[in-house]
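Keeping the supplied structure of chain A fixed, place chain B upon it in accordance with the hints.
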Amino acid sequence: MTSDALVQLLYLAASVLFILGLQALGKVETARRGVVYAEIGMLLAVVGTLLHHEIVSYQWILISVVIGSAIGTAMGLFIPMVKMPERIALSHAFGGLAVGLVGVSEYLRHGPSISTLQMAATGFEVFLGALTFTGSLMAFGKLQGVLPGRPISYPLQNATNVLGVAVSVAMIVYLVLHPGAAGVFYALASFGVVLGITLVLPIGGADMPVVICLLNSYAGLAAAATGFALGNNVLIICGALDGGSGFILGMMMSKAMNRSFSNVLFGAMGSTPAAGPTATGQAPAAVPISSANEGSVEEAADILRSARSIIIVPGYGMAVSQAQHIVRDLANALALGGASVRYAIHPVAGRMPGHMNVLLAEANVSYDQLFDLDSINDDFVATDVAIVVGANDVVNPAARTQPSSPIFGMPVLAVDQARTAIVFKRSFNPGFAGIENELFTKPSTMMVLGDAKKMLGALVQELKGELKQAA
Amino acid sequence: MSVTVIMGLYVFVLAIFVGWQLISKVPHLLHTPLMSATNAISGISLVGSLVAAGSDHGRIMTVLGSVAVMAATINVVGGFLITDRMLRMFKTRTQRAK
Numbered sequence: 001m002t003s004d005a006l007v008q009l010l011y012l013a014a015s016v017l018f019i020l021g022l023q024a025l026g027k028v029e030t031a032r033r034g035v036v037y038a039e040i041g042m043l044l045a046v047v048g049t050l051l052h053h054e055i056v057s058y059q060w061i062l063i064s065v066v067i068g069s070a071i072g073t074a075m076g077l078f079i080p081m082v083k084m085p086e087r088i089a090l091s092h093a094f095g096g097l098a099v100g101l102v103g104v105s106e107y108l109r110h111g112p113s114i115s116t117l118q119m120a121a122t123g124f125e126v127f128l129g130a131l132t133f134t135g136s137l138m139a140f141g142k143l144q145g146v147l148p149g150r151p152i153s154y155p156l157q158n159a160t161n162v163l164g165v166a167v168s169v170a171m172i173v174y175l176v177l178h179p180g181a182a183g184v185f186y187a188l189a190s191f192g193v194v195l196g197i198t199l200v201l202p203i204g205g206a207d208m209p210v211v212i213c214l215l216n217s218y219a220g221l222a223a224a225a226t227g228f229a230l231g232n233n234v235l236i237i238c239g240a241l242d243g244g245s246g247f248i249l250g251m252m253m254s255k256a257m258n259r260s261f262s263n264v265l266f267g268a269m270g271s272t273p274a275a276g277p278t279a280t281g282q283a284p285a286a287v288p289i290s291s292a293n294e295g296s297v298e299e300a301a302d303i304l305r306s307a308r309s310i311i312i313v314p315g316y317g318m319a320v321s322q323a324q325h326i327v328r329d330l331a332n333a334l335a336l337g338g339a340s341v342r343y344a345i346h347p348v349a350g351r352m353p354g355h356m357n358v359l360l361a362e363a364n365v366s367y368d369q370l371f372d373l374d375s376i377n378d379d380f381v382a383t384d385v386a387i388v389v390g391a392n393d394v395v396n397p398a399a400r401t402q403p404s405s406p407i408f409g410m411p412v413l414a415v416d417q418a419r420t421a422i423v424f425k426r427s428f429n430p431g432f433a434g435i436e437n438e439l440f441t442k443p444s445t446m447m448v449l450g451d452a453k454k455m456l457g458a459l460v461q462e463l464k465g466e467l468k469q470a471a
Numbered sequence: 001m002s003v004t005v006i007m008g009l010y011v012f013v014l015a016i017f018v019g020w021q022l023i024s025k026v027p028h029l030l031h032t033p034l035m036s037a038t039n040a041i042s043g044i045s046l047v048g049s050l051v052a053a054g055s056d057h058g059r060i061m062t063v064l065g066s067v068a069v070m071a072a073t074i075n076v077v078g079g080f081l082i083t084d085r086m087l088r089m090f091k092t093r094t095q096r097a098k
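Top line first, the protein sequences correspond to chains A and B. Under the working numbering, the first residue of the first sequence carries the number 1, and numbering increases by one thereafter. Under the working numbering, the first residue of the second sequence carries the number 1, and numbering increases by one thereafter.
In isolation and in its complexed conformation, chain A is listed as follows (with noise of 0.2 Å):
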């Protein structure tokens, strides 16, 4: 067998690993194990190109590779679970970088003896890794808070990316037809780096869901059109999956928020705050709504003791104030006086898919109690308390309800059907979305406004200590 077969079948392994590994990552009972399987692939595919007879020195590879394993170690041992949508965003970035510079590599390489083939795949390669690049470091931005998470909208946006865009793919088809024009193609990667940032500039944080997810499926097709210009069936594999996991989680957290994709990409929501009462308002418009029906700690612990059923449900200001933990100790201090206590988990809870799990089960909740809009919402009529914790449009009974409300027709979780609820929030301020919400000014909501984590503590401690004196 010659070597290079023996490289073909290691990659063949590498390929079959990879799927049954995503395949194990489907059931909680198995996912550890499809990591084990990926990184066996990962390991096959690495030594299968070291054997490739083009690799003549070992020098810098060594070198570049310790160097990456020891800021990847790095990252994975220390980064806070808080911090996942930043750190996927930041790796998606890496994942661009690296493969736009293949990209301009190989075409230095072949210069204008390129093939056809090769040209229009590099083209879509640089293209596409040099927006990834950009893009997922101004997704990073946005959610680390260097950048405003409010969508940055500047005249004609639209259009401009929509040519920008359009002038790309022309460029890629200049080159097809010639490849020796090296000017198109660093105007081309330039094209890419420009784009990156003023398609995601506009987009505001709350979007940031769909943006990383799309952001995924760019770096996984830009590592496809690798594997077709390199004529690698292993990357072209983990390409198509890793394009099509993004592209299908993005449809779902799309569906999940009742919006398209190009809505989401080209509709700046929330650059408009919506201005005072809804059509419909009568109520909402006469209650001064900062004082409608605030509540102390005292009262949501007089209201809990009584509660035999409580649905927990938790948005994006549990992680921004990392209340993950006290939020488990509410339950556990709950569940200790007979409460039955589950989480309801919305799908776009979070600046991420499945954001609000990682945070729980980092604090120790079993996955058991985590359950989604699909198998809980019927539920909340029959529970006593819904708490909420820094949610807000997932919880907005507009979506129901007003046809009129920007985000009509969203799924939202039940919580104002409960018998009562507790919403714990920062402040009145309306969401990132600048929507009303009628569950805040509701005779059977009560809001405890200030810092989650704080006021989970007091009400935790008030709860211990009634315990206390009843035992």
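There could be a bad hint or two in this list.
As the list claims (entries may be wrong) - The calculated lysine-lysine pairs, modelled on BS3-like cross-linking and capped at a C-alpha distance of 30 Å, are: (1) Lys25(B) - Lys255(A); (2) Lys442(A) - Lys255(A); (3) Lys98(B) - Lys27(A); (4) Lys255(A) - Lys98(B); (5) Lys91(B) - Lys442(A); (6) Lys27(A) - Lys83(A); (7) Lys454(A) - Lys464(A); (8) Lys83(A) - Lys255(A); (9) Lys464(A) - Lys98(B); (10) Lys464(A) - Lys442(A); (11) Lys91(B) - Lys27(A); (12) Lys25(B) - Lys27(A); (13) Lys91(B) - Lys454(A); (14) Lys98(B) - Lys442(A); (15) Lys454(A) - Lys442(A); (16) Lys25(B) - Lys91(B); (17) Lys27(A) - Lys255(A); (18) Lys83(A) - Lys454(A); (19) Lys91(B) - Lys464(A).
Stated by the list, open to error - With beta-carbon atoms standing in for the labels, derived distance ranges: (20) Leu14(B) - Pro148(A): 30 to 36 Å; (21) Asp378(A) - Gln21(B): 26 to 32 Å; (22) Ser24(B) - Val56(A): 40 to 46 Å; (23) Val56(A) - Arg93(B): 25 to 31 Å; (24) Ser113(A) - Val13(B): 37 to 43 Å; (25) His178(A) - Asp56(B): 36 to 42 Å.
Keep in mind the hints are simulated off the structure, nothing from the lab. Idealized CB from N, CA, C, for every residue including glycine.
Chain B only, in chain A's frame:
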């Protein structure tokens, strides 16, 4: 269109189908680990970077390739580590009671 392209497209399209089947079965609960894992897997661009860094086609290519190797390695190593770190935390009440 050459046969190579078509063979590549075969692989690409079939992989998309497989990916679609697998990923739509992953529950919401595991979406963050899933994304983190696919991220690590997409570090497979390491394969292309290694060739660029090690094939001795001039200094610029070696530099570009080495930076690419570094970026891809960060994703592979960091991605797998953090995915496993997350998955270790997912437990049921009965598992915790033990």
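Going down the list of hints, with the structure as the test:
With a CA separation close to 16 Å, the supplied pair Lys25(B) and Lys255(A) stays within the 30 Å bound. A threshold of 30 Å between alpha carbons decides the hint, and for Lys442(A) with Lys255(A) the separation of about 27 Å falls inside it, so the pair holds. About 21 Å separates the Cα atoms of Lys98(B) and Lys27(A), which keeps this hinted pair within 30 Å; it holds. For the hint linking Lys255(A) to Lys98(B), the alpha-carbon distance of about 39 Å lies beyond 30 Å, and the restraint is violated.
Taking the CA atoms of Lys91(B) and Lys442(A), the gap is about 37 Å. The hint is violated against a cut of 30 Å. For a cut-off of 30 Å, the pair hint linking Lys27(A) to Lys83(A) stands: about 24 Å separates their Cα positions. With a C-alpha separation of about 15 Å, the suggested pairing of Lys454(A) with Lys464(A) holds against the 30 Å cut-off. As the CA atoms of Lys83(A) and Lys255(A) are separated by approximately 25 Å, the hinted pair is consistent with the 30 Å bound.
Using a Cα cut-off of 30 Å, the hinted pair Lys464(A) and Lys98(B) holds, with the two alpha carbons roughly 25 Å apart. With a C-alpha separation of about 29 Å, the suggested pairing of Lys464(A) with Lys442(A) holds against the 30 Å cut-off. Of the pairs offered as hints, the one joining Lys91(B) and Lys27(A) holds, with about 12 Å between alpha carbons and a cut-off of 30 Å not exceeded. Of the pairs offered as hints, the one joining Lys25(B) and Lys27(A) holds, with about 9 Å between alpha carbons and a cut-off of 30 Å not exceeded.
Between Lys91(B) and Lys454(A) the alpha-carbon distance is near 27 Å, which keeps this suggested pair within the 30 Å criterion. Taking the CA atoms of Lys98(B) and Lys442(A), the gap is about 43 Å. The hint is violated against a cut of 30 Å. A hinted pair counts as satisfied when its Cα atoms are at most 30 Å apart, and Lys454(A) with Lys442(A) qualifies at roughly 24 Å. At roughly 20 Å between alpha-carbon atoms, Lys25(B) and Lys91(B) fall within 30 Å of each other, so this suggested pair holds.
At most 30 Å may separate the alpha-carbon atoms for a hinted pair to count; Lys27(A) and Lys255(A) meet this at roughly 23 Å. The straight-line distance between the Cα atoms of Lys83(A) and Lys454(A) is roughly 21 Å, inside the 30 Å bound, and the hint therefore holds. The hinted pair formed by Lys91(B) and Lys464(A) meets the criterion: a straight-line CA distance of about 26 Å does not exceed 30 Å. About 43 Å separates the C-beta atoms of Leu14(B) and Pro148(A), a value inconsistent with the hinted range of 30 to 36 Å.
Hint check: Asp378(A) to Gln21(B), Cβ distance near 29 Å, so the stated range 26 to 32 Å holds. About 44 Å separates the C-beta atoms of Ser24(B) and Val56(A), a value consistent with the hinted range of 40 to 46 Å. Remark: the range hint 25 to 31 Å for Val56(A) to Arg93(B) is contradicted by a beta-carbon distance near 57 Å. Separated by about 29 Å at the C-beta atoms, Ser113(A) and Val13(B) break the suggested range of 37 to 43 Å.
One distance hint, 36 to 42 Å for the beta-carbon pair His178(A) and Asp56(B), is violated here, with the actual separation near 29 Å.
The structure does not agree with the numbered hints 4, 5, 14, 20, 23, 24, 25 stated previously, though it agrees with the rest.
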